[in-house]
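As you go down the protein sequences, you meet chains A, B and C in turn. Residue numbers for the first sequence follow the working numbering, beginning at 3 and rising by one. Residue numbers for the second sequence follow the working numbering, beginning at 44 and rising by one. Residue numbers for the third sequence follow the working numbering, beginning at 26 and rising by one.
Quick caveat, the hints were computed from the structure, so don't treat them as lab data. Check before you lean on any hint, since a few could be wrong.
The calculated lysine to aspartate or glutamate pairs, modelled on EDC-like cross-linking and capped at a C-alpha distance of 20 Å, are [stated by the list, open to error]:
| # | chain 1 | residue 1 | chain 2 | residue 2 |
| --- | --- | --- | --- | --- |
| 1 | C | K191 | B | D66 |
| 2 | A | K54 | B | D66 |
| 3 | C | K344 | B | D164 |
| 4 | C | K344 | B | E113 |
| 5 | B | K51 | C | D194 |
| 6 | B | K81 | C | D194 |
| 7 | A | K54 | B | E74 |
| 8 | B | K58 | C | D238 |
| 9 | B | K127 | B | E74 |
| 10 | A | K164 | C | E85 |
| 11 | A | K77 | B | D77 |
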Amino acid sequence: MNLETLPLQLRDWIVSLFPGALQWFVHHLLSITAILTVFGLFFAFTTIAERKLLARLQNRLGPNRSGLPWFRSLKLWGLTQPFADAIKAITKEDVVPAAADKVLHFLAPVVIVAFSLLGFAVLPFGRHLIPVELDAAILYFFAAGTATELAIFMAGWGSRNKYSLLAAMRALAQLISYELPLILSVVPVILVVGTLSTSEIALAQGGWTWGFLPHWHVFTPWGFAGFVIFLVAALAESNRSPFDLPEAESELIAGHLTEYSGFKYALFFMAEYFGLTALSGLGVTLFLGGWQAPFAFLEFIPSWLWFMGKLAGMIVFFIWIRGTLLRLRIDQLTRLAWKFLVPLALLNLGNAAFWALTAGWSGPLVLVRWGISAAIVIVPFLILGRRLSAGYASRTYRYAA
Amino acid sequence: MLGSGILKGLGVTAKNFVGSYHDPARMVTQEYPDTPAKLPEAYRNFPFLVTENATDPMGTLRCVACQICEKECPPQCIYIEKSKDKKPDAAGKPQLYPAVFAIDTAVCMSCQLCVEVCPFDAIKMDHVFEVAATNRFEGLLLNREQLAKPNEYFHQIRPAEAAEVDGRLTAERKAAEEKARAAAAAKAAAPAKPAAPAATPAPKPAEGGAAP
Amino acid sequence: MSCSDQSGLDAEFSTFGRPGGPTVRAVHDDFHGDLLEVSMGPQHPSTHGVFRMVVTLDGEQIVKLKPVFGYLHRNHEKIAEGTSYLASMPYTDRLDYLCSMTTNWAYALAVEKLSGQAVPDRAQYLRIIMAELTRLVNHSCLVGFLFNDLGTSFTPLLYAFREREKILDLFEALSGSRMMCNYQRFGGCRVDPSPEWLAAASALVDNFPRFLDEYETMLTGNEIMLARTQGIGRLDAQRAINAGITGPVLRASGVDYDIRKVDGTGFYSRFDFRVPLGAHGDTYDRYMMRILEMRESVKILQQAFKALPGGPIMDPKAKLRGFRPKAGEAYGRLESPKGELGFYLISDGSPNPWRYRVRPPSLINLTLLEEMCLGHTIADSVVILGSIDIVLGEVDR
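Based on the provided sequences and hints, a complete structural model is requested.
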């Protein structure tokens with residue numbers, strides 16, 4: 003039994019149990035069920051992992067009390083906490099303001115979860131494990147992801163509250179500002195590989211130079227720059243620290259989510275995590291080699307396990323960032339996007355074009371290629387970085403005589 | 044370089060994360076109530092009345108209802124009513140005792156002034172903090188019976204202080220006994236004076252020798 | 026607060042289903058046009074106690090800010106007129122509840138001035154030790170909460186509190202309570218620390234700079250922190266002097282005024298320490314003042330532990346009960362971690378003071394909040410409030 007092809011064999015076996023007319027339907031229903039189950043559980047464990055990891059960063063234990071209802075003595079170290087939270091969210095009273103637009107108010111959480119989930123359809127989870135094989139997969143992914151921003155506006159508008167609307171517009175401003183760096187950081191990958199299909203991009207990152215350096219895009223200068231920009235933009239797109247001012251401001255002024263309670267509120271946060279997971283999955287596919295193993299001798303570990311491992315690694319990195327960094331103010335946030343990330347992403351595009359054009363260089367010219375590419379990354383970063391942090395510097399202090 | 048501060052910060056949090064698994068200085072959670080709370084001896088929370096022994100608490104209260112603690116208490120949470128009769132205390136002297144001694148622990152701020160001003164070491168600070176009541180008024184108003192705790196308990200929670208108090212009280216009692224004995228000997232010697240006026244010089248040196 | 030009912034403008038009043046939640050209204054100002062008045066109600070997500078700010082916004086900018094306090098007023102000064110001098114001491118614990126040792130000392134200082142009471146040497150050193158430990162406690166609190174206001178997910182707060190807990194454990198082992206220490210008396214201190222306590226405290230103080238170094242590595246060079254705090258909430262030196270600002274806020278604006286150096290309270294003149302000064306008077310300078318002052322406090326503590334003399338901790342002639350100072354008045358002040366903390370007492374010869382007045386540094390530092398916040402956004406106003414370091418127990422008494 004080959005672990006690598008186990009999911010496929012399982013699916014084929016279940017499909018064969020059904021008559022021929024239904025088989026296509028069952029095939030896709032299985033893919034949908036698998037994604038919902040796997041990523042539903044992944045979301046649940048992301049929440050508990052976040053709480054426990056943040057806790058350990060902060061020198062304390064995370065939630066470690068929840069176990070199972072009837073087997074009280076079974077020590078589960080708090081792993082059933084997300085299910086306890088889900089039960090709490092479901093049993094809370096659902097308050098809908100009298101003046102609200104009932105349809106929009108109800109649909110907003112539904113729409114946001116639905117569109118966040120749509121992005122999972124084009125991620126290659128393993129060598130042959132992609133739910134839908136599309137030629138324009140990345141285009142589809144970004145279209146689905148951007149539709150979630152519409153749901154935020156629906157939430158703000160449907161609450162029939164002037165201040166919720168204002169807050170929703172501010173959240174939207176942040177999301178729209180960061181769409182540009184997000185997409186621009188991805189275009190170099192498409193340029194170099196030459197296709198919009200995610201499964202082919204994952205395939206193209208196979209192989210090793212000098213026996214140990216994988217061909218992952220992150221190990222090239224333009225890929226590294228693109229990956230960093232992608233990380234920053236992904237954090238901003240999911241409203242996570244250090245870009246969570248719209249969420250925090252909602253405690254001080256009206257936020258777009260104030261008229262939501264109970265399960266609908268939980269759905270918004272589920273959508274945020276799904277969005278983050280999907281973006282991380284895309285980042286893994288485009289920059290971290292997708293399901294490819296880092297070393298040849300590790301290829302016995304199945305590809306889908308590599309994908310999930312890298313995905314988990316990215317999520318852990320995002321949690322680490324959340325535990326360390328401060329929040330940016332909204333004007334600093336937008337300035338970072340427009341005056342720093344967008345120019346760097348555009349230059350990165352040129353860098354990737356240079357890389358693609360010089361693919362034929364060999365021998366000592368390889369070093370020249372790497373050198374020029376690295377210079378195109380480093381020099382603008384230093385210049386723009388200095389311009390961005392002008393006026394802010396560490397200070398030395400004098401003492402009274 | 045832009046971002047170097049952020050990277051250093053990430054390094055510090057990573058160090059704390061890794062340290063939380065092996066370094067006790069970086070994992071400071073005590074899983075109370077599974078691990079009991081460690082209280083230092085000096086910890087104070089709510090007063091209690093000291094009784095000499097546990098078998099007859101009301102009879103062996105050190106408190107003589109002098110009402111000094113009632114006067115000095117800043118939020119005025121102590122209420123005392125003197126008894127009408129007198130009972131002998133641990134040294135044998137007849138003393139008043141409190142017929143009613145109530146402390147409203149909803150008001151008491153555990154400032155310890157009552158302990159400082161008590162001349163009889165009758166009221167001391169307790170260590171209790173797991174005190175929950177189901178009734179805000181009767182549940183938190185502690186009367187004499189609830190406040191009385193034996194000297195053994197005092198030794199258990201505050202060994203150093205209890206030892207010092209016991210030492211002092213024993214020394215005082217011994218000094219009082221010696222004085223009483225000397226006074227009794229003096230009284231015993233004095234009636235002998237009119238009975239044997241010629242033999243007065245003899246008892247005097249004995250009386251002088253009996254006095255400490 | 027009257028609702029504006031000018032025609033053509035709907036003055037909505039929304040509490041978003043939460044009692045005490047943020048109330049937001051539209052108001053109209055002839056100069057600025059349509060404005061938004063946000064009342065950041067007494068219950069705050071960002072700590073500092075029951076404090077309310079009524080902020081009027083023009084778009085994102087603050088055009089008016091009215092601080093509303095008094096939610097924690099407990100009549101401390103009037104109660105003291107009916108209570109003996111000794112019995113007021115536990116109440117002073119609860120004024121600035123983070124710095125009870127220092128507040129106790131300030132009150133004891135005032136009473137000792139009133140009655141001419143002498144204090145033995147060992148007690149003077151112990152008072153300085155406790156005051157500097159309190160400075161470490163308070164400044165740890167402040168930098169932790171400041172970063173919480175800035176939006177970190179509690180990480181710097183918990184690191185600072187981890188160190189603070191160790192000092193609070195020391196206070197508990199010494200005086201019986203972590204925060205409400207009730208430690209100073211008129212004529213000395215209440216409890217003599219044991220040699221074990223002194224050794225533990227000394228070891229803690231020697232380890233403290235490592236925590237400060239780690240904290241600074243994590244945060245002081247952080248680019249986001251620099252962008253969020255530098256240039257925010259500037260306070261001009263002349264304005265600060267005119268408004269009576271004292272403490273680290275004043276020194277961050279560049280004014281050299283530290284009561285420990287000016288008055289030489291207690292035996293401070295025997296210690297070698299420096300007073301850091303800022304140059305810009307913004308939030309970053311105020312934060313750095315606290316960090317640098319913590320380093321200086323460590324120096325003072327190390328010197329104090331070495332030089333601590335033996336002897337009594339309480340003047341043998343001091344009376345505990347029945348304390349009646351002669352008629353007169355006295356003002357005792359010292360450099361508390363928040364600023365100049367002073368007690369003004371007028372005695373008429375009776376066991377209770379005739380007039381008892383606290384000079385609260387938090388309240389007086391708070392009076393310039395509006396000026397510091399004008400032109401900034403609401404997110405900045407929270408940070409500026411955090412950098413002033415207020416404790417509502419002291420503001421409202």
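Exercise for the section: Assess, step by step, whether the Cα of A:K77 is no farther than 20 Å from the Cα of B:D77, and give holds or violated. Expected result: Given pair A:K77, B:D77 holds - Cα atoms ~14 Å apart, limit 20 Å.
Handout entry: Restraint check for B:K51 with C:D194, where alpha carbons must lie at most 20 Å apart
Key = violated (31 Å)
Exercise for the section: Would you check the hint for C:K344 and B:E113, treating anything up to 20 Å between C-alpha atoms as holding? Expected result: Answer holds: C:K344 to B:E113 is near 18 Å, not above 20 Å.
Exercise for the section: Verify the proposed pairing of B:K81 with C:D194, using a straight-line Cα cut of 20 Å. Expected result: holds (10 Å)
Practice task
Verify the proposed pairing of A:K164 with C:E85, using a straight-line Cα cut of 20 Å.
Solution key: holds (15 Å)
Handout entry: Pairwise hint evaluation, B:E74 against B:K127, where the allowed Cα distance is 20 Å at most
Key = violated (51 Å)
Exercise for the section: Compare the distance between the alpha carbons of A:K54 and B:D66 with 20 Å, and conclude whether the hinted pair is satisfied. Expected result: holds (17 Å)
Practice task
For the pair supplied as a hint, C:K191 and B:D66, confirm whether the alpha-carbon distance does not exceed 20 Å.
Solution key: holds (16 Å)
Exercise for the section: Please work out if A:K54 and B:E74 have their alpha carbons no farther apart than 20 Å. Expected result: Cα-Cα ~15 Å, so holds.
Handout entry: B:K58 paired with C:D238 [C-alpha distance capped at 20 Å]
Key = holds (14 Å)
Exercise for the section: Quickly compare the C-alpha distance for C:K344 and B:D164 to 20 Å and report which way the hint goes. Expected result: Since the Cα atoms of C:K344 and B:D164 sit roughly 18 Å apart, the hinted pair holds (cutoff 20 Å).
Hints 5, 9 from the earlier list are contradicted by this structure; the remaining hints agree with it.
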